[in-house]
Amino acid sequence: MDSSEKGSLAQVKHVVLVLSGKGGVGKSTITTELALALVHAGKKVGILDVDLCGPSIPRMLSVGKPEVHQCDAGWVPVYADPQQKLAIMSIGFLLEDSDEAVIWRGPKKTALIGQFVSDVAWGELDILLVDTPPGTSDEHLAVLENLRKHRVDGAVLVTTPQAVSTGDVRREITFCKKTAVKILGIVENMSGFVCPHCSECSNVFSKGGGEELAKLTGSVFLGSVPLDPLLTATLEEGRDFLQAFPESSTYTAISQIVNTVLSSLDA
Amino acid sequence: MADVPNDAPEHCPGTSSDQAGKSSACQGCPNQNICASGAAKAPDPAIEEIRQKLTSVKHKILVLSGKGGVGKSTFSAHLSHALASDDSKEIALLDVDICGPSIPKIMGLEGEQVHQSGSGWSPVYVEDNLAVMSIGFLLSSPDDAVIWRGPKKNGMIKQFLRDVDWGEVDYLIVDTPPGTSDEHLSIVQYLSGAGIDGAVIITTPQEVSLQDVRKEIRFCKKVKIPVIGVIENMSGFVCPKCKNTSQIFPPTTGGAQRMCEELNLPLLGRVPLDPRIGRSCDEGRSFLTEVPDSPAAVAYQNIIFPFFCSLKTLHLVYFSLFIYTDVISH
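Sequences listed follow chains A and B, in order. The first sequence begins at 1 in the UniProt record's numbering and counts up one residue at a time. The second sequence begins at 1 in the UniProt record's numbering and counts up one residue at a time.
Everything labelled a hint here was simulated from the structure, so no lab data went into it. All C-beta atoms, glycine included, are put in the ideal place defined by N, C-alpha and C. There could be a bad hint or two in this list.
[Stated by the list, open to error] Derived coverage of chain A by chain B (criterion: at least 3 residues anywhere in the stretch with Cβ under 8 Å from a Cβ of chain B; other residues may be distant):
#1 55 to 62
#2 190 to 198
[To be verified] Capping the alpha-carbon separation at 30 Å, the derived lysine-lysine pairs in DSBU-like fashion look like this:
#3 B:Lys58 / B:Lys241
#4 A:Lys178 / B:Lys152
#5 A:Lys177 / B:Lys58
#6 B:Lys221 / A:Lys65
#7 A:Lys108 / B:Lys224
#8 B:Lys222 / A:Lys65
#9 B:Lys221 / A:Lys108
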């Protein structure tokens, strides 16, 4: 089979979905930090942002409002860096007005996601991360259907510690099982807050739910990422947190998660 | 005709879609000619059925965001509890987050099931005057995933509005998922006969939230839902030990306050982060009764009390402001 038959993902070695089920747990944050960590580790990375109603990736990586161009092989992704190690595609790039609401029903969302998967000229990538909206609906089914021709290595599931989150993530785990997506592991985000004034640790969103969920469902627990205002602030500014704060415990947590994910991909 | 007929192919766009009869998925469908002719796009009779059914519901309020995880379900639940504390009022809480229904857990109703009677589905009562409906009550296991495309979700929302026996209700609060998609369009479409008083918008302080919330506000404008106001949730955290405040979710672009000033919308209030809120939600208890003196509970009461004292007046004022601003900006 030559590469044109396999399509635009022919030279993409690994595809990993970042899922949750619950909104606001940090899927886009974890996708961004995983991508940056992988780039720092010398990998060529792509991010496909299929959250059509609430695309967060462009702002987190400070790529502004570039134009999306076409080439012979399809749409050219937007690069976050001059060395072109981090390629991104998001509906955020296609909106003239960033406050414009994408008020689409399922079939239209499905169609655009099909184009994002098949018509973007990703080129050579070590890993393509797919950032998703919360839920188990059109976007998730569209991504999997369009990736059917290409292998999906698995999914990283993100939760926060409290039961209201893990309750939704349990359903996402069922979705993965029903759609034969391997669960690479569970990340517990917003896992405790260390007061910068007195170092007291507060469990703002409860404690331990992610690890319990991993045990309950027989999944790998990839690790916990603390609630870190520095992480939130750098994402707001579109800066590279890992370059800015390499001494932080958040950096250590993210690095460990990346290493575990990479090992499971190479295994 | 049903939005997705029983004999429709898998990717049926829905009979009321612009693509009805024209999409590639329509090839070979027995209804293709009907859909392509536009005959299937006549107003859904359910809209009138719902209008009649909801004549016993005085006020309908949507709780929206655009952004996930900002506290829509938490606010919806606690607004319902607060309103129901007045025994003379009948309150209903409808959860239209089909894929991630949080309301049963937050209301302490996990494991409850819905019953059918001659007059329709009976909602689940958490108090004598507080009724709740969620797809969560139709699932047999906490692991059950609702893996539905848009048209099927729309059908469920139609049933919730048409087939649930709400009875006489003073306030129907509708909790929504994040986004501006099927669930939101369906709620607006199916309530177009019955009417929506307005929407409360929830956000957190940071720009990553606000950028999605602005889209939701645009959505409200497009579908002509009055925005009653905005609540900024997770607005600062007071350390229980040293009592210093940290902005865990920093308002780097001015937070909800600046957004409300720019969009000429009322900022209804700010609620601080409090670990006891999450704990109460996990345990299915109202933190308004668990920790009534906490800054978060006080903030909620300060938001809710004036808001509902004069809902009608506020509705008229803000609706007028909204329309006026729209007129002068064009």
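Pairwise hint evaluation, Lys65 (chain A) against Lys221 (chain B), where the allowed Cα distance is 30 Å at most: 24 Å, holds
Residues of the region 55 to 62 of chain A with Cβ under 8 Å from chain B, three needed, outcome: Satisfied; 3 residues make the cut.
Under the criterion that the straight-line Cα-Cα distance not exceed 30 Å, is the pair Lys222 (chain B), Lys65 (chain A) satisfied? The given pair, whose Cα atoms are some 24 Å apart, holds under the 30 Å limit.
What's the verdict on Lys178 (chain A) and Lys152 (chain B), does the C-alpha distance respect the 30 Å limit or exceed it? 18 Å, holds
Could you grab the alpha-carbon distance between Lys58 (chain B) and Lys241 (chain B) and see if it respects the 30 Å cut-off? Judged against 30 Å, a Cα distance of about 46 Å means the pair is violated.
Hey, Lys221 (chain B) versus Lys108 (chain A), does the alpha-carbon distance stay inside 30 Å? Status holds; Cα separation ~21 Å.
Is Lys108 (chain A) within 30 Å of Lys224 (chain B), Cα to Cα? 23 Å, holds
With a cut-off of 30 Å on the C-alpha distance, tell me whether Lys177 (chain A) and Lys58 (chain B) pass. Status violated; Cα separation ~44 Å.
Please check whether the region 190 to 198 of chain A has three or more residues whose CB lies within less than 8 Å of a CB on chain B. It holds: at least three residues are needed, and the region 190 to 198 of chain A offers 5 whose Cβ sits within less than 8 Å of chain B.
Against the hints set out earlier in the document, violations occur for numbers 3, 5.
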